[in-house]
Every structure is written in C-alpha cells, then in structure tokens.
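Engineer: Between the sequences and the hints, there should be enough to build the whole structure, so can you do that?
There are 2 protein chains.
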Amino acid sequence: MRMEEFFHMTTGDGELSYAKNSSVQREALSMNQDILESTIQSLISEQIGLSKGLNIADLGCGVGPAPLTLISLVMEVVQRKCKELKLNNETHHQVSKLQMYMNDLPSNDFNLLFKDLLSLKVLKRKDDGVPLCFVMGVPGSYYDVLFPCNTLHFVHANYTLHWLSKAPPGLYDEQGMSINKRNIYISETSSRPVAIAYRDQFEQDFIQFLKCRSKEVVTNGSMLLTLRGRPCSSDSFTWTSFEFKIFIKALTCLVSEGLINEEMLDNFDFPCYFANTEELESIVKKEGSFEFEISRTMVLDIAPEVEDKWERAQIISNFIRAFSESLVSRHFGEDIVTPLYDKLIYYAFQHLDHAQPAQNHAVTVLLRKK
Amino acid sequence: MRMEEFFHMTTGDGELSYAKNSSVQREALSMNQDILESTIQSLISEQIGLSKGLNIADLGCGVGPAPLTLISLVMEVVQRKCKELKLNNETHHQVSKLQMYMNDLPSNDFNLLFKDLLSLKVLKRKDDGVPLCFVMGVPGSYYDVLFPCNTLHFVHANYTLHWLSKAPPGLYDEQGMSINKRNIYISETSSRPVAIAYRDQFEQDFIQFLKCRSKEVVTNGSMLLTLRGRPCSSDSFTWTSFEFKIFIKALTCLVSEGLINEEMLDNFDFPCYFANTEELESIVKKEGSFEFEISRTMVLDIAPEVEDKWERAQIISNFIRAFSESLVSRHFGEDIVTPLYDKLIYYAFQHLDHAQPAQNHAVTVLLRKK
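Keeping their order, the protein sequence lines are chains A and B.
If you're matching positions, the first sequence starts at 12 in our numbering and goes up one per residue.
If you're matching positions, the second sequence starts at 12 in our numbering and goes up one per residue.
Keep in mind the hints are simulated off the structure, nothing from the lab.
Among the hints, a few may not be true.
It does not matter which identical chain is meant; a pair holds if it fits inside one copy or across any two.
Computed cross-link-like contacts, DSBU-like style, restricted to lysine-lysine with a CA-CA straight-line distance of at most 35 Å [claimed, not checked]:
(1) Lys226 / Lys108
(2) Lys256 / Lys381
(3) Lys177 / Lys132
(4) Lys192 / Lys126
Structural biologist: Structure, rendered in structure tokens:
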C-alpha cells in the first residue's frame, strides 16, 4: 500500500487528535511569521498588477490550528499590503484575488479542515478593496505534480517535508533482511549504510519535490519550507531525535512482553529524515531550479510550560502519537496502539526525569524560483 | 444555524450512506450524458487554444458514484476530443490542462470523495498528449461566489439546485405561527400562500445562483443543471412528489404515537422546491445573464428492477434517508431517526402495494453565458 493510501495525522478533534496535539507545528509557523510576511509583501510589490491574482499553496497542510493560522496570517498580510498600496497610489492595479490551495494526502482530515474554515472571520468577504480569498482542498502527494504549470506564486510547507515518500529500500539486504535490526531510524547502534539509505531516500524525494514545484512555481516565486531537522553541522550518522530514542525503548519493551514479535520490530522503519540546513542547501544547488535565500534552525521545546513531569510526558506521548499512529496501527495492528503510547508516557517521563531536553529541531529555508 | 453548517447527505460508505443510496442521482447523470458530451466537445472546439486550459466545476457534487462517474466521463470526453484534434491538426494548440473543482457544503464527506479519487484510473497522468487533470475540493455554498471572475468554462450541478438556501420565511405569520401546519412541503391541504412562499424562495435562490455564476463563467461558457422537479405544465399549487406524501404520513404517525409533538411537526419545513422547466426558463430570462439552450424533463423510477415490494420499500426509505437525515436529526433529535425511517418503509410499501409509481421527476437545463 502506498503512503498516500493510509498515511495521515490522527483525524478528528478529540483529545488524541493531531488537531489537539500540534502546538509545536503551530509554534514553528509563528517563529517564521517574519519571513512569511516579508515574502508575501515583496511578492505583491514585485508582481503588482498580478492580473491573475495571488496563488498560494500550503503543502501537507494537515488540520487544526496550524493551517487555520496560516490562512489568517496570509489574509491579514495581503489585506494590509493591498490597503497600503491603495493609499499610496489610487490608480494602481492591486491583487484582485487570493487563492489558497490546501494540499495534503487524501487520507488527511479535510472534513475537519473545511468545517474549521467556517470559523475564520478573515474569509468573510467585504467590499473594502481587499481581495476575495478562495480556499480549495487539493488531495494528493507533493512528490507528484499537483498544479498546472506556472500557477503558484508562493508555496508553504510546514513540518511535513521530513516525511519520505517511503521507507528507504536500502534498509534491506539482498535476502530481504533488515540491516537495521531493533531500530526504527538511524541510531547509535546503526551501521553507516543505514544512515546512507535514509540520506539517499531523502535526497531523491526532496529533488522530486523541487522538480515538481519548479514546474508549478512562477519565476521569482518563493517557497518557505520548514522541516523537522537537526542542528547545523551535526552528523547524520550519529544524530537522532529524543522522540525516536524513547519510541524504540517503548517498542523494545513490547517485544520483551511478547506483545509484538522481534521480526515485526526489525521490519518497522520510520519513513522520515532529519536534515540540517547544509544538506538542504546542497540538494537545492544540485537540483538547480531554486536559489537558496534564507535558512534558519530553530529549537522548539515541547510543552515547556508544564511543570508536572507526568503531565508533560503525556503531552509528549500524544504529540508523537498524533503523527505516528497511522504508521503504527498499519504495521503492528490496532491492538498495539494503546499499550505502545502508554509505554511512551513512561519513557518520556523517565527522559524528563533525567533532566534531558524534549526538543524539536526545525530547519527553515526560503527558496526563490530562478 | 445556517444550512452550510449542518446540512449534508448521509456521510461514509455504510449501508445507509448517500454513497450507497444515490443510484437515482447517478442514473440522471447517465441520462444527460449526451448533452454533457456534446457541450464539452463544443467548448473545446470553440475555445481551442484555451491557453488557460479547461476549468469545470461540479457544484453540490456530493459523494459516491455520481461525482466519480462525472469525473471519468469528463476525462474521457476531453481525452477523446483532444486526440481527435491532434489527429486532424498536428500543430494546433490543444487544451493543456483540465481542472475539475468539486464543490459542496463544508459538511459534505470530502474525505470519502478524495479517498475514492485514488481508484480513478483516468486520473493517472500519461504523456500521450491528453491534458493533465487536477481535481480540487471547494467547500462552500453555491449561493455565494466560489471562484474568481471569468474562471469557469463549464458548470455542472446534478440533483442539488432544488435545495433552497433556507426554509421559506413566508411559511410563518406575524406571530411566528406556521401557516402550513401538519405539512412539510406544499400539499393538497396547503393554502395558496404556502406554494407562493416556496416559489418565492426558489426564485430568490436561483437568481442568486445565476448572479454568482454569471461572474464566474466565461462568455459562451455553459451550465448543465439537473434538478428534482415536476412535469411540464404541472401546477406548483397542487403538485407534490410521492416521497413527501409518504414522509408526512410517517411523521404524523410518530405524532400520534407521542414520539414527536405536534408543534415540532408544524415547524418542520423541507427547504426545497420542485420547479418545472417553464418556471426555470422564466427565471433565467428574468435574471438575464444566461441563454436558455436545452431543457428536458425525465422520469426516473426508484429501483424498478426490484420485484419484492418490501425490499423495494426499504430501498426507497434509504434513498430518502440519505438526503434528509441531517435535517431530521437536527430538528427532531437523533432518537427519532431510526423510528421515522422504519415507518417510512411501511408507508413506501403501502404506496407500492396500491400500485402507485415511485418516480422522481428530474428537469435538466443547459444554459449558455451571454
């Protein structure tokens, strides 16, 4: 089964949903608000008289506060800029319309996203010289072409491009045996070929992403991409995030309890890769369609305001569950889901109790189409 | 609460879902396949060299076989026509892309619609000179502007425009009392003002629909609209469909059993209207943006192939339930849903047992933007 047929953030708006457990993703968006604003403002200034209006795509948009905040932010920036231009020049041609394309895999909870749109006051259309905003849902993988040629002025992708199109095939030898046994990602006990397999799959996918977008994005159009990543100058052979460290502990514990068998664990590989900005820059140069304009690495704490360690461990487990549940239930079966994430609370607590940080590294790059 | 916040066909793909109980809607689409094909073919011929590609909207698309069949049909017609043009003229500019906008209220089951798209082979993109097809979801009411100006070449709306934007306010007197007590639509016992209230609301809504589309549809673009309706030259003061006749019997029975109170029934009004082609023509002329090109009235039997009357009555009840359940549960509460549609099976059986027909009248009009 292809990723696009099953992979999704946890649906709905219940306690365990992605919508309720994506404050880190929402926070990353806020931290890049400055780049978002200046990019959109300069797009409007440069392309003023855009007779076709401004077309913006949010790729891998998900659901919940992050995509809603994005739509609100974009609308506010566009409205402000348009009013400002109108004040300065009565006869200018301003942006006549704004189209926002919200993309994700077909298994994303678009029903909830569309329902949430009803609450967005900024979408109420007023006749005060600001452009109408049309929001559309675009189901499909961003590793494929999603839009007609030269359609998009701005592409946004928040906390999504670290997901690979599939687990790296290089993780299995010629006999089909895992070369990364008892691991689910690159770890301290992984061999070099494991890190290379992940790195190769990421490069292949990211190049495919850039190639598809290079058709769709107009010349001088921009892309603001925020990915889970790692610190600058860190080594992909040794670096891994704290979530994977506690995740593998929880899975190993279930193996020792006989709830899952060892072979199933050996064959479970997280289809993601945590790049740093240097790697991203090198791939962007190699592909060649886009200029590398800005990059930044951010560190986001998960629920740092929560003092109670058990409570915070629960939040961390829910955060991880919201993005990994569809992978886990497909590979290990539905029955394992609750025991696994219960264990994860325990290991998250242990992690916090050793005064270790619960951090997400996020890397942001702003690219411009040549 | 506005219609767009709750109104929807029954979601999912279970036995009682709209997806599983919309064969009549699918059948109506097939009966108009000839008009659909010739309209799209002539749009491509006339507008050949369409540098922006062909943009098609399915308004009130719903979910299940009808929208999927539409997408397949459109793709096949476009591909066939493009190949034919290519054969005739090696150097022509053919349609470079096809955009299909699937619109419905935000409460429609877009998740299922998008999941179903994965199964459509026609969407697989080939490099054989046929245009790429991009399918997007557009949540919102078609009684509002949904697309930028001059965007659409062809608008399709199947079995949806008989739904009003709200129940006619004219059904209540100055004291807020219903003037159509113990009825849910125009019936033989309704007074003239009841029929006038429904007719006025329909005219107001249909004009609003035409005004919105007149902005969005390009000159010479077409709209193929199929509505629930009534026979030509029938009288709106007396004509009502068999479904409403049995529906009111089932509701009245629940009142007599004490399951719902009389006042609740008095205040329940079906927000729809069954026009005939003469009425449609007169409103289109009055609004003035579109030419009336073709009209036809069709009669569709519900499950005529099913000989067993109980079985057929069950199908009829499910058919009615699939479009009315969201209205019923909101007005009378969830608890009433199962008893009501169980009663409906009985009255549908009684209706069939009296050798009365179980027919849907559908009216189709083809309009062209002036």
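Engineer: Are the hints correct? Go through all of them and say.
Structural biologist: Now for the hints, and whether the structure bears them out:
| no. | hint | result |
| --- | --- | --- |
| 1 | Lys226 / Lys108 | both (22 Å within a copy, 13 Å between copies) |
| 2 | Lys256 / Lys381 | neither (40 Å within a copy, 66 Å between copies) |
| 3 | Lys177 / Lys132 | between (38 Å within a copy, 22 Å between copies) |
| 4 | Lys192 / Lys126 | between (43 Å within a copy, 34 Å between copies) |
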